[in-house]
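Could you build the full structure based on these sequences and the hints that come with them?
Line order of the protein sequences matches chains A and B.
Residues in the first sequence are numbered from 1 upward in steps of one, following my numbering.
Residues in the second sequence are numbered from 257 upward in steps of one, following my numbering.
If you're looking for bench data, these hints aren't it; they were derived computationally from the structure.
For every residue, glycine included, the Cβ atom is placed at its ideal position computed from N, Cα and C.
Hints should not be assumed to be uniformly reliable.
Stated by the list, open to error - Sample of chain A residues at the chain B side, in silico, Cβ under 8 Å:
hint	residue
1	A123
2	Q125
3	L127
4	V247
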Amino acid sequence: MSLSPVGALRQSGHLFAMSLDVLRALPRRPFQAREFIQQAWFVASVTILPTALVSIPFGAVIALQIGSLTRQLGAQSFSGAASVLAVLREASPIVTALLIAGAGGTAICADLGARKIRDEIDAMQVLGIDPIHRLVVPRVLASMVVSVLLNGLVSVVGVAGGYFFNVILQNGTPGAYLASFTTLAQLSDLWAAELKALVFGAIAAIVASYKGLTAQGGPKGVGDAVNQSVVITFMLLFVTNFVMTAVYFQVVPQKG
Amino acid sequence: MGVEICVEGLTKSFGHQVIWQDVSLTLPAGEVSVMLGPSGTGKSVFLKTLVGLLRPDRGSVKIAGRDITRLREHELYEVRKLFGVLFQDGALFGSMNLYDNIAFPLREHTRRSESEIRRIVLEKMDMVGLIGAEEKLPGEISGGMRKRAGLARALVLDPEIILFDEPDSGLDPVRVAYLNQLIVDLNAQIDATFLIVTHDIASARQVPDNIGLLFRRELVMFGPREQLLTSDEPVVRQFLNGRMQGPIGMAEEKDAAQVEQELAQLGDGGRTETPGSQALTPRLLPGPLITRTPRWEEIARREAELRRREVTRA
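As structure tokens, this is what we get:
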């Protein structure tokens with residue numbers, strides 16, 4: 001990738017153009033159901049275990065931080081409320097984003113990149129098949145669905161991890177932890193997190209597909225593409241996360 | 257019957273680097289043409305431009321009266337159904353076995369029943385001699401088999417135009433000979449327009465009706481086989497004889513003075529050659545089991561005539 005500003009602009013332009021192409025190919029029949037299911041299964045299988053393993057310590061860290069903070073303030077009865085809020089609102093979308101980009105996106109990018117340099121994508125186009133419709137759309141949808149489901153998983157595992165650390169290790173009271181669950185968090189927090197996850201899944205898959213389909217220069221090119229796709233996805237996801245959070249606070253009235 | 261491809265004033269560059277410019281030629285319908293050129297002269301780029309995978313900077317490519325450089329994306333996908341392309345390494349889909357690879361275009365584009373697909377796929381696999389390898393994955397077979405499988409996949413939609421990207425690269429001479437015979441047999445059977453991009457001189461001498469030569473960012477010459485094989489143009493002669501003396505250098509081109517000197521050393525500007533190299537190589541004809549079209553009848557008659565004359569002269 002060149003470092004000139006024009007080069008960067010061109011890349012962003014191409015990326016955006018491909019997102020529009022994906023959007024346009026979305027309703028086109030026949031829907032590639034087989035590819036979608038295969039990809040959803042594939043993305044889920046590479047992300048589920050790491051996600052679960054990452055979200056336990058994530059929930060634990062939050063519990064530890066909040067636990068000691070609430071003890072100092074004498075507000076132990078609120079530790080459950082705070083940790084649920086943190087896990088649900090921020091931790092779970094971020095963990096989902098990291099895993100979807102790091103595990104799912106790289107796999108998609110490497111797969112498409114390898115196909116690109118083996119001329120498979122060209123062959124497909126010559127056979128009259130649009131790779132956006134045939135390959136990218138099912139991957140984007142699969143990644144969106146899986147990331148919504150992952151977000152649920154992270155929330156549950158994170159809250160459970162928080163409970164374990166707070167109640168068992170820090171001698172909190174189970175009743176206070178559970179009772180304060182809904183004092184700060186509300187249902188719309190969950191919906192907002194799921195919406196974030198949906199958008200993150202789409203972004204991760206589109207960037208990965210774009211980088212994969214434009215890979216060039218042999219096996220090294222695929223490696224470079226994967227590397228760039230992770231970096232670009234992370235940057236986009238964190239910016240998007242900030243914007244969506246800011247909008248959420250403006251739109252949805254908060255409790256308390 | 258094949259379709260004519262009419263290329264006019266085609267120019268392509270990547271950034272500031274001009275690949276080739278002002279290429280004009282007509283690939284006659286139903287005939288076999290070969291595009292020759294030293295490595296790195298953009299032969300594959302030319303091929304990709306013909307199918308609309310790359311857009312040229314200038315010029316037009318007319319196929320069945322439609323300029324594919326101006327078509328919109330979805331129209332392009334329609335026109336591409338006329339094409340069969342054999343990529344360098346076959347470009348098979350790595351996740352599917354050979355049978356599924358070859359059946360892929362049929363499943364995507366037609367509503368044929370699975371038994372009908374099976375019949376067509378096995379017929380094409382038989383054509384390229386791959387019966388028995390249906391269940392193999394592309395990673396498990398040799399390069400030659402991958403090429404033949406790629407060819408079978410290119411043939412499965414009965415294309416009007418077939419493009420071959422270096423069908424002989426990475427194959428041993430015997431397999432190249434078989435592949436050349438296969439190409440000639442195919443042309444006699446399906447009558448499509450063939451374009452072979454290669455730098456193998458032996459194939460170029462035996463197989464085509466027409467030869468073109470790309471060098472120094474332009475099309476040096478395009479014409480009937482006899483015309484190029486007997487041409488006095490230094491580049492054409494150097495390339496077709498595969499020797500070092502001439503305008504084509506190791507890295508790029510040589511300077512004019514050095515070329516003069518080398519050609520002078522060869523004697524009389526390179527006119528005297530090793531005996532026989534100037535003579536027309538016999539043309540490869542379809543195998544005995546193939547029913548020949550009138551066009552091939554005619555070619556066979558001309559070839560026999562030529563051979564007879566050569567014998568009487570000797």
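For each hint, the structure was consulted:
1. A123: Where the cut-off is 8 Å and the nearest Cβ of chain B is about 4 Å from A123/A, the hint holds.
2. Q125: Because about 6 Å separates Q125/A from the closest Cβ in chain B, which is inside the 8 Å limit, the hint holds.
3. L127: Check passed: Cβ of L127/A comes within 5 Å of chain B, closer than 8 Å.
4. V247: violated (35 Å)
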